[in-house]
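Chemist: The opening position of the sequence shown corresponds to residue 1 in this note's numbering, with each subsequent residue numbered one higher.
Simulated from the structure, these hints should not be mistaken for laboratory data.
For every residue, glycine included, the Cβ atom is placed at its ideal position computed from N, Cα and C.
Any given hint could be a false lead.
Unchecked claim - With beta-carbon atoms standing in for the labels, derived distance ranges:
id, residue 1, residue 2, range
1, Gln55, Ile159, 29 to 39 angstroms
2, Trp43, Arg170, 14 to 24 angstroms
3, Gly158, Gly21, 39 to 49 angstroms
4, His89, Gln155, 13 to 23 angstroms
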Amino acid sequence: MKKLPKEIETERLFIRVAKPGDGVAFNEAILESINQLSPWLGWVTPRPTVEDSEQSCLRAHERFLRNEDLMAFFFLRDTGDLVGGSGLHDANWDLRQFEIGYWGRTRFSGSGLITEGVRALTHHALEKLNASRVFLTTDDRNTASWRLAERAGFQLEGILRNERLDLTGRFRDTRVYARVSA
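Given only the sequences and the hints, what does the whole structure look like? Please build it.
Modeler: And the structure:
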């Protein structure tokens, strides 16, 4: 069985697994960006404390060590600033499939950094982990998310109508995107 990556570098980013001690930086990035993230990401409500964020990092690192899931952070190579996160989630090693998710820190919006990181993780999954499929789902109303998916080379497979409830309890339409091995 292949192993999830501990770290990846791109032109501008150092991408690495979340680990113990990352809670402060993670919490700071989330709280700075909470207004943009809270309509779409349930894990930012209620507002996480530093302790909550540290526990998330600890649990994520344990899952990484078991080769089950990769919660990754994107850091600027030149400054070390945390710009966002992503991951290869719910690893299905039998089918070689991963779900990818992502979020960005507000002050870095529009810089292309999250797209760069998502491309790198997806490339690693397809080329190094021999993934057959990397996919994501997003609320149809979250245009920033699905446009990023398209910029990162994902293809829209379909829109599932009234597929799940949004964070306010209303039905939402869900876009499904994927990149598959050639």
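Chemist: Does each hint fit the structure? Answer for all of them.
Modeler: Verification of the supplied hints:
{"no.": "1", "hint": "Gln55 with Ile159: 29 to 39 angstroms", "result": "holds (35 angstroms)"}
{"no.": "2", "hint": "Trp43 with Arg170: 14 to 24 angstroms", "result": "holds (19 angstroms)"}
{"no.": "3", "hint": "Gly158 with Gly21: 39 to 49 angstroms", "result": "holds (41 angstroms)"}
{"no.": "4", "hint": "His89 with Gln155: 13 to 23 angstroms", "result": "holds (19 angstroms)"}
The structure shown violates none of the earlier numbered hints.
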